[in-house]
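Novice: Take a look at the letters that make up each chain.
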Amino acid sequence: MSDGIVYWLQQILNALQLGSIYALIALGYTMVYGILTMINFAHGDVFMIGAFFCFLAATALGLPFAPTLLLTILGTALLGVVIERLAYKPLRNAPRVSAIITALGVGLFLENFTLALAPYPKNIPPLLENVTWNLGGVSLSSLQVIIIFLSLGLMLVLDYVVHRTPVGMAMRAISWDKTFVPLMGIPVNLIISITFAIGAGLAGAAGTMYALAYPVIDPYMGIMVGWKAFISAVVGGIGNIRGAMIGAFILGGVEIMVAAFFPSTYRDFVVFSLLLLLIVIRPYGILGQPRVQKV
Amino acid sequence: MNALLRNHWEWLLEQRWLLPGLLGIGFVLAFAIPEYNLLNKYVQLVLMYLGINIILAVSLNLVNGYMGEFSLAHAGFMAVGAYTAALLTMKVLPMAAYPGLFPLAVLAGGLAAALMGLIVAIPSFKVRGDYLAIITLAFLMIVKSVIENIDYIGGPRGIPGIKRLTTLPWVFFWVVVSVWVVRNFVYSKYGRGVLSIREDEIASDLMSVNTRRVKFLAFMTSSFFAGIAGALFAHLLQFISPRVFDIIKTTDILIMVYLGGIASITGSIIGATLYTVLLEILRPSTVAGLLSWLPAMVFDPLNEYFIRHLGVWRMVIMPLLLVLVMLYWPRGIMGLREFRGFIPRRDREAHHRLTTPEKRGTP
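Order-wise, the sequence lines are chains V and Y.
120 is the number that this note's numbering gives to position 120 of the first sequence; each next residue is one higher, with no gaps.
55 is the number that this note's numbering gives to position 55 of the second sequence; each next residue is one higher, with no gaps.
Among the clues, some could well be false.
Stated by the list, open to error - Straight-line Cα separation of at most 30 angstroms, DSSO-like style, residue types lysine-lysine; simulated pairs:
#	chain 1	residue 1	chain 2	residue 2
1	V	178	V	89
2	Y	126	V	178
3	V	122	Y	249
4	Y	41	Y	163
5	V	89	Y	249
6	Y	91	Y	249
7	Y	126	Y	249
8	Y	41	Y	126
Derived by calculation from the structure, the hints in this document are not laboratory data.
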């Protein structure tokens with residue numbers, strides 16, 4: 001293959017890896033927004049906690065990859081439910097902005113609490129034996145394959161759950177109408193808890209994979225990745241699950257391509273300028289539907 | 001007794017000399033404190049940061065509280081003001097010959113930030129709510145990224161060695177100006193437009209409120225004072241870099257606004273004061289100083305385990321406090337209420353009726 005094509009394929013592979021991590025986090029943002037119309041700003045920090053759970057499971061408990069991933073997902077899912085019960089549930093009927101500020105506060109709390117316990121960046125031990133294959137010049141590592149396929153698998157499962165199961169039907173019902181759904185016998189609180197558990201669990205999975213791909217973790221890593229994932233959700237049309245996946249891969253692609261062709265310091269500038277343009281042109285995202293406002 | 005006190009209070013609020021009197025005393029104090037060192041240097045510094053935080057909170061409240069948008073761009077406007085003013089005093093204006101040019105630099109910082117406010121104001125004509133919040137976030141990130149990529153202004157390393165030109169009288173002056181302008185804006189014709197946009201934009205458009213002009217003015221005023229605060233901040237901290245003005249700085253200002261309460265000038269002042277003072281009090285050295293009267297038997301073990309590590313834990317305590325305040329007072333401490341002295345006489349009755357729903361005629 002010619003050098004140009006090899007280079008492009010390599011970049012596409014990198015974009016898929018980054019995009020799948022963004023997608024897993026973006027799903028949590030978009031699911032919570034869909035149900036509560038609330039931006040859960042603490043979500044990026046749940047992702048960070050996921051990376052730290054992974055670190056703890058791998059070093060303190062010395063577990064291999066699969067149990068580490070499982071424990072991390074369970075841990076963050078529990079954390080998500082606890083946060084929702086303690087901090088967001090009492091504010092469900094309060095002004096929307098109070099919930100957003102509370103979420104910011106919870107996020108700051110998680111960051112600084114982790115910082116107080118772990119003041120220095122941590123190194124994640126290699127949990128997987130990393131094999132690199134060379135396919136006609138394109139190098140493909142086993143880690144990349146695992147990240148991409150595991151994320152895609154999780155997304156397919158989620159898509160199935162949301163569109164084909166009773167729980168998913170209840171979720172969609174709540175996001176459709178909050179007044180009459182409880183009258184139909186749907187346990188709203190339980191469904192909201194399940195939503196938070198799924199969202200946070202996916203963020204935990206993303207944290208584990210991110211920690212394996214970029215092995216130095218610190219308490220502030222969730223801020224930027226969280227915002228980027230949030231942007232993915234908005235680009236796709238917030239509240240729309242398939243939109244969040246598409247948005248994440250677009251954002252991952254744009255980031256990798258900008259870094260490949262410009263100095264890497266231009267990355268944020270280009271990404272955020274594109275975002276600004278997109279919102280001005282299409283304020284409801286790629287798959288979102290414009291809502292009619294009534295007076 | 002209580003009634004008597006309240007009567008005196010009412011009488012005091014009615015006096016026309018009250019405001020000029022208080023301002024006069026304030027200015028005399030602002031000049032006297034640094035001149036005669038009435039308070040120690042550290043307290044003076046905290047007072048100046050407090051003033052800057054009040055300007056930031058009051059101006060952000062105009063957009064986030066009164067207009068009901070969720071702007072995350074305040075630190076970006078601050079950065080524009082800070083960089084403009086710092087470059088003016090360091091590279092353009094002959095500061096060595098004319099130190100009196102400092103207010104010009106501050107004003108230029110504010111104007112530059114107001115001009116940048118257009119970038120957020122124009123999309124706000126079309127985009128609202130969460131999507132406008134994203135636009136403001138994008139603006140903040142773009143400002144940061146642009147500064148990082150211009151080598152002439154220090155890039156990611158920032159500008160060190162700015163002269164310390166911010167003084168207590170200047171900070172006090174700008175606090176007074178920002179509170180005065182925001183207060184008059186809010187209770188003017190345009191201010192009613194701002195409130196009507198918060199309640200229902202389409203309806204206010206139909207009621208012939210010029211929503212574009214109102215949004216335009218609100219965003220420009222808000223970003224102007226953010227720029228002023230940034231300029232003062234740069235000449236107090238004496239070092240600025242893009243990292244100083246990141247999303248964490250915006251979060252700080254948001255916390256001050258929502259802690260104090262939305263749509264309340266008094267609330268913003270209280271929020272900024274509480275936040276600034278609490279963070280300072282929770283410093284290990286301050287707490288050690290405050291508790292030093294305890295007998296050594298009690299103090300030493302406390303100092304050993306708690307106070308020494310407070311530097312890290314205070315950043316854990318603050319967000320926890322914020323979450324608790326939000327849970328128990330979802331509107332913040334002064335949400336939608338206002339100190340009566342800030343409300344024009346003609347509006348007091350209406351404002352009172354608005355904020356005490358239990359006294360309304362309808363059940």
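Novice: Next step is simple, just say for each hint if it's right about the structure.
Specialist: Structure-based check of each hint:
Using a Cα cut-off of 30 angstroms, the hinted pair residue 178 of chain V and residue 89 of chain V holds, with the two alpha carbons roughly 15 angstroms apart. A hinted pair counts as satisfied when its Cα atoms are at most 30 angstroms apart, and residue 126 of chain Y with residue 178 of chain V qualifies at roughly 28 angstroms. For the given pair, residue 122 of chain V sits about 25 angstroms from residue 249 of chain Y by alpha-carbon distance, which is consistent with the 30 angstroms threshold. Among the hinted pairs, residue 41 of chain Y with residue 163 of chain Y is consistent with the structure: their alpha-carbon atoms are about 17 angstroms apart, no more than 30 angstroms.
Between residue 89 of chain V and residue 249 of chain Y the CA atoms are separated by roughly 27 angstroms; this keeps the pair inside 30 angstroms, and the hint holds. With a CA separation close to 26 angstroms, the supplied pair residue 91 of chain Y and residue 249 of chain Y stays within the 30 angstroms bound. A C-alpha spacing of about 27 angstroms is found between residue 126 of chain Y and residue 249 of chain Y, which places the hinted pair at or below 30 angstroms, so the restraint holds. Taking the CA atoms of residue 41 of chain Y and residue 126 of chain Y, the gap is near 48 angstroms; set against the 30 angstroms cutoff, the hint is violated.
Checked against the numbered hints above, the structure violates only hint 8.
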